[in-house]
Amino acid sequence: MSSIGTGYDLSVTTFSPDGRVFQIEYAAKAVDNSGTVVGIKCKDGIVLGVEKLITSKMMLPGSNRRIHAVHRHSGMAVAGLAADGRQIVARAKSEATNYESVYGEPIPVKELAERVASYVHLCTLYWWLRPFGSGVILGGYDRDGPQLYMVEPSGVSYRYFGAAIGKGRQAAKTEIEKLKLSEMTCRQGVIEVAKIRIYGVHDEAKDKAFELEMSWVCDESNRQHQKVPDDILEEAKAAAKAALEEMDAD
Amino acid sequence: MNSFDSNPATNSLISSEADSQRTLYPYVTGTSVVGIKYKDGILLAADMGGSYGSTLRYKSVERLKPVGKHSLIGASGEISDFQEIMRYLDDLILSDNMWDDGNSLGPKEVHNYLTRVMYNRRNKFNPLWNSLVLGGVKNGQKYLGTVSMIGVHYEDNHVATGFGNHLARPLLRDEWRENLTFEEGVILLEKCMRVLLYRDRSAVNKLQIAKITEEGVTISPPYSLKTFWNFSAFENPTHGAEGSW
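Sequence order for the protein chains is L and A.
Using our numbering, you'd call the opening residue of the first sequence number 1 and step up by one each time.
Using our numbering, you'd call the opening residue of the second sequence number 1001 and step up by one each time.
Honestly, the hints are just simulated from the structure, not real lab data.
Treat the hints with care, as some may be off.
[Stated by the list, open to error] Below, a list of computed lysine to aspartate or glutamate pairs in the EDC-like style, where the Cα atoms sit at most 20 angstroms apart:
(1) L:K180 / A:E1155
(2) L:K93 / A:D1091
(3) A:K1138 / A:E1242
(4) L:K241 / L:E220
(5) L:K178 / L:D44
(6) L:K227 / A:E1109
(7) L:K93 / A:D1100
(8) L:K227 / A:D1101
(9) L:K227 / A:D1040
(10) L:K93 / A:D1096
(11) L:K93 / A:D1040
Based on the sequences and whatever the hints tell you, model everything.
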């Protein structure tokens, strides 16, 4: 779906004759080329997973966190340019603490998503700023239950049951659609996400080496956002690999 | 506070327009906090009184609070400033938790943070009118320290604020020893709190004892100390001085 917007793509403040802003679309391409990020909303919480492509064997496992806690009850997984993503996370953290200090209660996830989306959109309005080259999947658990939002570089934010961005998003989305999310608990969700990631990536075969980073907010974690505990993560990876072998065997 | 010096009206450090922004006197205050190290960790005791000048106005003020996983704070002095300090500490602990890296702030770090806050406020002539006791256990290491409103800070095996320094510390210097059991520690603290109850006019007979160990924090529900007033000297107080009351 790539088209060259010759002449209309030099500035984010220029529309093309057919009503597109090319700079924003190019920013979205930066997200499309990054490692897959998946988020699902289960019955009792949210699970976020990131496929961290390992660029060098010298990298310490566990470094380069792509999933960040934004507040006690919510976390954000980042795809695209990592530095841009960090900025979005920093802004989200500050919005969350500001809301809590003014209103005395943790920021509702919907409100947080709107604020993040506004901020991302802001950077698409001025010629001296460039759009963020990263999209985020924001998951949180507030009074209205677990919620999942995705914010794209254009500043658009929607609420989802399951969302995926990055290289393997098409494959991931197909897999997510097959799942019965409303009946799944987060424990099962963690295993499903591991399967999706390992399926989606394995097919690529280009970037074999990757690290799986997962986090959740669910009843089991006391509605706090945290990294999925190591033992559950290992269990999920093992189950996913086993399922993968089964699939290959067919 | 950033436009403090550039605004001509607030130019002098102690000018009148800025006075409304500085703490001049405390209004609702808590009295002493006493803390000791014991075998498994730290014990803190404080009563639940909030005095409004000489009136014992509020009798259910919680002056002992947990901070993160490893620390306990007890405060005496202005209660609203204590609430503000709790806000700062909540933000600090939240930011620490969001790293999600398996590490967390211990009592020594929190104590140092509080010292910086108190000292810097004092330097701006706008103190947080509190004396704080900070105790905790991390990785088996026990820590007990105190900070005053002017930023004086130290750590010791037993600390106290306010009147506690004059009435409780001497008792503790005589009777504290290493590795007290929990029961012995509570008896010692109750002895100190009883003396304070008799002799400190802003003490109320409703106190809490908090303990922190490697496992976590427990703050006891409020209870009262038994007091004894049947001393013969109190029976006929004007015995040796007719006409007095």
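Hints and how they fare:
Distance hint between K180 of chain L and E1155 of chain A is unfulfilled; the C-alpha atoms sit about 57 angstroms from each other, more than 20 angstroms. Taking the CA atoms of K93 of chain L and D1091 of chain A, the gap is near 11 angstroms; set against the 20 angstroms cutoff, the hint holds. A hinted pair counts as satisfied when its Cα atoms are at most 20 angstroms apart, and K1138 of chain A with E1242 of chain A does not qualify at roughly 60 angstroms. For a cut-off of 20 angstroms, the pair hint linking K241 of chain L to E220 of chain L is broken: about 25 angstroms separates their Cα positions.
Between K178 of chain L and D44 of chain L, the direct Cα distance comes to roughly 19 angstroms. Compliance with the 20 angstroms bound is thereby established for this hinted pair. Between K227 of chain L and E1109 of chain A, the direct Cα distance comes to roughly 24 angstroms. Violation of the 20 angstroms bound is thereby established for this hinted pair. Distance hint between K93 of chain L and D1100 of chain A is fulfilled; the C-alpha atoms sit about 14 angstroms from each other, no more than 20 angstroms. For the given pair, K227 of chain L sits about 9 angstroms from D1101 of chain A by alpha-carbon distance, which is consistent with the 20 angstroms threshold.
Taking the CA atoms of K227 of chain L and D1040 of chain A, the gap is about 31 angstroms. The hint is violated against a cut of 20 angstroms. Restraint check for K93 of chain L and D1096 of chain A: satisfied, since their Cα atoms lie roughly 13 angstroms apart, inside the 20 angstroms limit. Simply put, K93 of chain L and D1040 of chain A have alpha-carbon atoms about 37 angstroms apart, too far for the 20 angstroms limit, and the pair is violated.
In the structure shown, a violation is registered for the earlier hints numbered 1, 3, 4, 6, 9 and 11, in ascending order.
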